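Please model the complete structure; the sequences and the hints are all you need to start from.
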Amino acid sequence: SQQGEEDPQALSIQEGENATMNCSYKTSINNLQWYRQNSGRGLVHLILIRSNEREKHSGRLRVTLDTSKKSSSLLITASRAADTASYFCATPTSNTGKLIFGQGTTLQVKP
Amino acid sequence: SQTIHQWPATLVQPVGSPLSLECTVEGTSNPNLYWYRQAAGRGLQLLFYSVGIGQISSEVPQNLSASRPQDRQFILSSKKLLLSDSGFYLCAWSADSEEKLFFGSGTQLSVL
Numbered sequence: 004s005q006q007g008e009e010d011p012q013a014l015s016i017q018e019g020e021n022a023t024m025n026c027s028y029k030t031s032i033n034n035l036q037w038y039r040q041n042s043g044r045g046l047v048h049l050i051l052i053r054s055n056e057r058e059k060h061s062g063r064l065r066v067t068l069d070t071s072k073k074s075s076s077l078l079i080t081a082s083r084a085a086d087t088a089s090y091f092c093a094t095p096t097s098n099t100g101k102l103i104f105g106q107g108t109t110l111q112v113k114p
Numbered sequence: 404s405q406t407i408h409q410w411p412a413t414l415v416q417p418v419g420s421p422l423s424l425e426c427t428v429e430g431t432s433n434p435n436l437y438w439y440r441q442a443a444g445r446g447l448q449l450l451f452y453s454v455g456i457g458q459i460s461s462e463v464p465q466n467l468s469a470s471r472p473q474d475r476q477f478i479l480s481s482k483k484l485l486l487s488d489s490g491f492y493l494c495a496w497s498a499d500s501e502e503k504l505f506f507g508s509g510t511q512l513s514v515l
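Just so you know, the sequences run in chain order A and B.
Residue 81 in my numbering sits at position 78 of the first sequence; the count goes up by one each step and never skips.
Residue 449 in my numbering sits at position 46 of the second sequence; the count goes up by one each step and never skips.
Nothing false has been slipped in among the hints.
FRET-style restraints, in silico, Cβ to Cβ:
#, chain 1, residue 1, chain 2, residue 2, range
1, B, A443, A, S61, 25 to 33 Å
2, A, R44, B, S487, 19 to 27 Å
3, A, N33, B, Q465, 25 to 33 Å
4, A, S15, B, P472, 40 to 48 Å
5, B, K483, A, A81, 48 to 56 Å
6, A, S61, B, V415, 34 to 42 Å
Derived by calculation from the structure, the hints in this document are not laboratory data.
If you're wondering where the values come from, they're calculated on a predicted model, not measured in any experiment.
Yeah, the Cβ is synthetic: ideal placement off N, Cα and C, and Gly gets one too.
Dropping the structure here:
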């Protein structure tokens, strides 16, 4: 069963603009993770936010977590063409800890 | 530093043929190991995971099997491939459950 679901499915913006992607999940979690995937490649871990954290930054990335709404957002500021990729959120299942991934948001940044 | 190797990068196989995809991890011991499959333009489906040698958990009933003959080696196999086995297969490892995954570069499997 799907744990995390991203929104929107696709996003197209101009270079320099900010990109915001959202993730909703269903059950209680200990952490939520965001990954990036360039076309035809493996996923790369971007950031992990724990359930007792509300916001976390890493370079141009900002992740928020609202456990009351069971949702998270990933903000990429001042986007670049190189940010073009698919972005996935992932959450561990409550009983086994295995990561379950959402369907992803495909981001296109136009130069 | 830790690295993960997955091969081959691409594979074209006829229906009914066997399959063997291999994944190895270097620079760490007793990793958790995972096989995921990704359909075109979709999310990842967890197929198998392993917390130790010979310990394999299957997530979905399917035509595939996995083995872990050594601590840092994970193999995905099939005796007879189906058309529906086509997809992008990703191996990954983590130091512990719930922690971040490190992915291999993937294998694009086309069953014709």
